[in-house]
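Chains as they are written, first to last, in the numbering used here: chain F, 1 to 156; chain E, 1 to 206.
Simulated from the structure, these hints should not be mistaken for lab results. Note that CB positions come from ideal geometry on N, CA and C, so glycine has one too. If a hint is listed, it holds; no wrong ones were tucked in.
DSSO-like cross-link-like pairs, simulated, lysine-lysine; straight-line CA separation at most 27 Å:
{"id": "1", "chain 1": "F", "residue 1": "Lys23", "chain 2": "E", "residue 2": "Lys8"}
{"id": "2", "chain 1": "F", "residue 1": "Lys20", "chain 2": "F", "residue 2": "Lys8"}
{"id": "3", "chain 1": "E", "residue 1": "Lys8", "chain 2": "F", "residue 2": "Lys123"}
{"id": "4", "chain 1": "F", "residue 1": "Lys49", "chain 2": "E", "residue 2": "Lys180"}
{"id": "5", "chain 1": "E", "residue 1": "Lys90", "chain 2": "F", "residue 2": "Lys49"}
Label-pair restraints from in silico Cβ distances:
{"id": "6", "chain 1": "F", "residue 1": "Lys120", "chain 2": "E", "residue 2": "Met199", "range": "38 to 46 Å"}
{"id": "7", "chain 1": "E", "residue 1": "Gln50", "chain 2": "F", "residue 2": "Cys82", "range": "20 to 28 Å"}
{"id": "8", "chain 1": "E", "residue 1": "Glu133", "chain 2": "F", "residue 2": "Thr87", "range": "40 to 48 Å"}
{"id": "9", "chain 1": "E", "residue 1": "Glu133", "chain 2": "F", "residue 2": "Thr143", "range": "21 to 29 Å"}
{"id": "10", "chain 1": "E", "residue 1": "Gln50", "chain 2": "F", "residue 2": "Gly70", "range": "22 to 30 Å"}
Here's the letter readout for the chains.
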Amino acid sequence: MTATALSKEQSQTLGTVINKLAKDCDAKAVVICDIGGYILASESQTNDKSIETAAALAAGSFAATRELAGIVGEEEGFKSICHRGVTSGVLIQALGDNFLILVILGEKSIEGLVRLHLKKITKQIETIVNATQDQSVHAAGATGSFSVQENDASKS
Amino acid sequence: MPFVNLGKHEISFKIVYYGPPLSGKTTNIEYLHASMPDEVKGEMTMLATQQDRTLYFDFLPLESDAIKGFTSRFQLYTVPGQAIYNQTRKIVLTGVDGLVFVADSQWEEMEQNVLSFENLKENLATYNRSLDEIPYLLQFNKRDLPNVAPQEYLDFLLNQGQARAQYFNGVAVEGVGVYKTLNTICKMVMALFIEENNMSAKKTGE
Numbered sequence: 001m002t003a004t005a006l007s008k009e010q011s012q013t014l015g016t017v018i019n020k021l022a023k024d025c026d027a028k029a030v031v032i033c034d035i036g037g038y039i040l041a042s043e044s045q046t047n048d049k050s051i052e053t054a055a056a057l058a059a060g061s062f063a064a065t066r067e068l069a070g071i072v073g074e075e076e077g078f079k080s081i082c083h084r085g086v087t088s089g090v091l092i093q094a095l096g097d098n099f100l101i102l103v104i105l106g107e108k109s110i111e112g113l114v115r116l117h118l119k120k121i122t123k124q125i126e127t128i129v130n131a132t133q134d135q136s137v138h139a140a141g142a143t144g145s146f147s148v149q150e151n152d153a154s155k156s
Numbered sequence: 001m002p003f004v005n006l007g008k009h010e011i012s013f014k015i016v017y018y019g020p021p022l023s024g025k026t027t028n029i030e031y032l033h034a035s036m037p038d039e040v041k042g043e044m045t046m047l048a049t050q051q052d053r054t055l056y057f058d059f060l061p062l063e064s065d066a067i068k069g070f071t072s073r074f075q076l077y078t079v080p081g082q083a084i085y086n087q088t089r090k091i092v093l094t095g096v097d098g099l100v101f102v103a104d105s106q107w108e109e110m111e112q113n114v115l116s117f118e119n120l121k122e123n124l125a126t127y128n129r130s131l132d133e134i135p136y137l138l139q140f141n142k143r144d145l146p147n148v149a150p151q152e153y154l155d156f157l158l159n160q161g162q163a164r165a166q167y168f169n170g171v172a173v174e175g176v177g178v179y180k181t182l183n184t185i186c187k188m189v190m191a192l193f194i195e196e197n198n199m200s201a202k203k204t205g206e
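Make the full structure from the sequences, and use the hints.
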C-alpha cells in the first residue's frame with residue numbers, strides 16, 4: 001500500500017493551470033482527480049466538501065461509462081462525457097488511463113471553447129499526473145517520518 | 001492506495017464497506033453522518049433506487065488530524081449488495097485502502113454472508129489484490145435480532161484468512177459497534193501507511 005504522492009511544485013503547477021482554465025471557460029469549478037476519486041487539484045467557487053463529493057461522483061460516473069463502452073464494443077473506451085442543463089453542466093474527460101478532469105460549466109460557459117482550452121493543456125496535465133503514479137512520498141519531497149497524533153483516528 | 005498531496009498537506013484514504021444485501025452497510029454510514037460534528041464530515045451522497053436500496057454507492061468524506069502535520073481524509077464508500085450489481089462493486093473497489101465486511105448475523109443470511117465474502121475476494125483478484133495485503137475487519141451486525149448465529153460461528157465461517165481479522169459485534173441502527181469499527185479500520189490503514197512509507201524512506205536513506 002505504498003502511497004503515491006504529488007509534490008508541492010506539482011501541486012502548485014496544477015493549481016495554476018486549472019485556475020487559468022476555470023477563468024478561460026467561465027467554469028464554476030475544475031477538478032483533477034484519479035479514477036478512484038482522490039483529488040489532486042481543484043479550483044472552485046463552491047466549498048471543498050462539495051468538490052470532494054463531485055470528484056467521487058465523477059469518478060464513479062466515468063467508470064460506469066467506461067464499462068458501457070466495453071459492452072458496446074468500443075475498445076478504446078469513451079474519452080469524455082458531457083451533460084448540459086439550463087444553467088450549468090459537467091464535462092468529464094480522461095487524462096490517460098488513471099486520471100480525470102472534471103469541469104463544472106457555468107451559465108456563460110461554451111462547451112466548444114471548454115473543449116478547445118482543455119485540449120491545449122491536456123498534455124501538460126497528463127505529464128504531471130502520470131509522474132505521480134510511481135512517485136513515493138519521499139521522492140515527492142516529504143522529509144522526516146510520518147507519525148500518528150495521540151488522539152483517536154476520528155475526531156469524534 | 002493512499003494519496004498524499006504535499007502541496008496541501010493532505011493524505012487521502014479510501015475505505016469500503018462491503019457485505020451481502022441489507023446487512024447494514026448504508027446504516028453504518030448513515031449513523032456516522034447523523035452523529036458526527038459538521039466540521040469533520042462532508043456531504044453524504046446516496047445513489048439509491050426508489051426502494052432505498054443502494055444502486056451504485058454511498059459516499060461520506062471525513063477528515064481528521066490523525067497524522068501529524070497532515071489533514072487525513074477518509075473517504076467512506078458502501079457497495080450495493082445485490083448480486084446483479086457486481087460490476088459496480090468492482091468499480092467501487094478501485095484503489096481501496098481498507099475494508100469493512102458487514103455481515104448479517106441472522107441464521108438465514110449465512111449463505112449470503114459467505115457468498116458475499118467470496119465475491120469480495122474474487123473482485124479484488126481482478127485488480128491483482130487480496131485480503132492478505134489490505135487492512136480489513138469484520139462487523140457482525142444486527143446482534144439485537146432474536147435469530148442470530150453465535151459470533152463464534154460467524155467467525156468460523158468468515159475468518160479464514162492468513163492472518164485472523166478483528167471482528168466486532170454491531171447493532172448499526174442504534175450505533176452499537178459503528179465507531180469502534182470506523183476507528184479500528186482507520187487506525188489500521190494509517191498504521192500500514194506509516195510503516196510502509198517510513199520503511200521506504202529508510203531504504204532510500206532519507
